[in-house]
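Student: Numbered per my numbering, the sequence shown finishes at 294, counting up by one with no gaps.
No lab work stands behind these hints: they were computed from the structure.
No incorrect hints appear here.
Just the calculated beta-carbon pair ranges, DEER-fashion:
no., residue 1, residue 2, range
1, 224, 56, 32 to 38 Å
2, 143, 173, 37 to 43 Å
3, 73, 273, 20 to 26 Å
In this text, a Cβ means the ideal position worked out from N, Cα and C, and glycines have one as well.
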Amino acid sequence: MFDNLMSDPPLTLTASSGDELEMSIDGINYYNQLPLQLLLGLFEDIKLYDVTTMDGRNFYTGGLREEMPAVPNEYYLSFELWFRTTRKEEGIYLINNVSKEMNFDDQMNGTYVVSKGVTWTAKHGFFNGPTLDDWVERGTTNIYYADQAIRIGTEELIDQTNIKDTRNSDELKVFIYDPSENEYRGYGTTYGAFSYFMQASNAWIYIPIAKPDTSYRLSSTDPFDPYRATDNESLVAILQQSEHVDDNENMYYQAKIRVNIWVEGWDADAFDALDQDLVKIQLQFRALNLAQD
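Build the full structure now, drawing on both the sequences and the hints.
Tutor: In structure tokens, the structure reads:
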């Protein structure tokens, strides 16, 4: 259990595109940047367990723990998020990962997952990987970071506040993103946390063969068209026409998603020792036209 993992404040949500893109956590009150007090109300007393998912919808305690259904907002963060804009861009994208440019105490625009790090002394020797010579001797002290094991997922939802959203469930998008962008230390490796577990427990468990469809990068903006994405890698929702209008009678285009944030139990960096780390997360969304084929 990663019981002290989140910092205070734990999460910031921002919209990019000037004042045109707005967000809401209730489908009623919209903001360009959600007020801190609303976010704190969502995540009060949250404790993160390492969990896992294959489809981005159903979560289980897993990895190196006994498997059972994971309870949202007890085991992992989960909340619904609405978007609206009067502009005619087609999709909502998660954009601009600046994690590698930041230290824990920094503030930047963009998407980031950063942690303070914890000093940990290995009680057993283990293969940390991914290279063959990366063996950690018993008694070795290093700094380890929980941000390396975190995942961000989105599920596109039917917007119940929009009677024009008549899509079927099979048209909705699911997106899983590893913000460390390090595929070599991703899901289901034989090194890192798995190797340490094996050395500490002298027990064998099978690593899953199937892996979730995970992205290791975010879409960027077309350099020749600032209102279009270069690809649809991090497209999280398609904006739908609605009957709602602004004060000038301009129609709102709307979308709704569920955001899930979790510690991936099968990640190479999901060490139990990270339960005292502090993590700071910010998500930046932008409305863009879909990438052209």
